[in-house]
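In case you want the letters, here they are:
There are 2 protein chains.
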Amino acid sequence: MEREHYSKQFDTELNEIRQRLLEMGGKVEVMINDSLKALVERDSDLAERVIASDHEINRLEMEIDERCLEVLARRQPAARDLRFITLALKIVTDLERIGDQCRNIGKRTLELNEEPPLKPYIDMPRMAQWSGVMVKEALDAFVQGDDQLAYKVCRDDQFVDDLNDQIQRELLTFMIADPTSISRAMKINQISKCLERIADHATNVAEMVIFMIKGKDIRHMSI
Amino acid sequence: MEREHYSKQFDTELNEIRQRLLEMGGKVEVMINDSLKALVERDSDLAERVIASDHEINRLEMEIDERCLEVLARRQPAARDLRFITLALKIVTDLERIGDQCRNIGKRTLELNEEPPLKPYIDMPRMAQWSGVMVKEALDAFVQGDDQLAYKVCRDDQFVDDLNDQIQRELLTFMIADPTSISRAMKINQISKCLERIADHATNVAEMVIFMIKGKDIRHMSI
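Protein chains in written order, with the working numbering: chain A, 1 to 223; chain B, 1001 to 1223.
Take these hints with a grain of salt, some might be off.
Residues from chain A shown here face chain B by an in silico Cβ test under 7 Å; the list is partial [what the hints assert, rightly or not]:
#1 Ala73
#2 Leu82
#3 Leu89
#4 Ile176
#5 Pro179
Treat the hints as calculated values from the structure; they're not laboratory data.
No experiment lies behind these values; they were computed from the predicted model shown.
Glycine included, every Cβ here is placed at the ideal spot set by N, Cα and C.
Taking the hints into account, I'd like the entire structure generated from these sequences.
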């Protein structure tokens, strides 16, 4: 009975870590969507709110880190549970850095809003939506232990990379045609790269999840 | 005696993780220096070697990860040792991503070598040297538990950021003056951003080290 009680408490603690990670992931998704909404609608207030919300993400990172360390110290888990917690520690770092990227998008948006618009955004919102879904699916794959979903995230990264290349090429033609557009085009280019990095973080998470489930490291293999 | 023997073996294992991390850090430093040497001297062979050496870094990451998990499972460390190992797990991820940045520099260098040079590089080698020292010092701070050295790394990041800003502004003037320079200038801009990200990874490591030593999280405070 003692052992069963212990094990139930441990399960509760692992579930709590799972829930906190999902909560953090949900907030990061909102940041991604809001940062792009602020860009497309030239909404500086929203951009400011995105920048401010990064603090919340940083706080969550520290809390989940501490929680993982507590559980590791108290429960001394083995095998699968150990792998789960050490992976959670790595994943929060990726989520926190996604928050940093959203804050960067917010900052560039504030700068862009002080100048006339260069062009309507078409590929960028698709890229943001795609990246947000990748973050969500990578976390779902983690908490559900779903390797097929994780593989999907890895494959989807190529599409975001392709969109980023397309945006960069398009911006290049703007810059060549009109030197006064260069400064704005470079800021838009930076935002595109932020989104590409967000998708990279999601892919990193997915690759680590596959390693957790399959014991197979695909981080440095082509799949 | 049994306990002492156990403890000695554990110390040996922790030391081995320390040594492996330093070894990985040393290889990453060489990559940073070589990638810039390849850029400055337009040496495509060296750039190819940098790209190829990323595999070695990836292998080291997987090995150290596995070693940390083994020690966690077998020794079930508490307090300081636990914090040390979980931090090692996070640090290898940063080192691996520094390797990715060097590989990116190598790829851009190969592209740049197919076109005439834009200008001599002055700030970029300084930025690379600075970033390499930051990586080394961040790791030294980790293995020696030296918080003062870690604080220094955090402060030094500003200098690399300033150099990156300066390079970006300079490239902008090139692009405005001569549209045929834009494609090359953007590649150089990407390399500059790679170096900035390398310094960011070193700073991330240093911030985590300060947290390990002081129990104080400065990741999200201004120091």
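Against the structure, the hints:
no., hint, verdict
1, Ala73, "5 Å, holds"
2, Leu82, "6 Å, holds"
3, Leu89, "6 Å, holds"
4, Ile176, "5 Å, holds"
5, Pro179, "5 Å, holds"
The structure agrees with every numbered hint stated previously.
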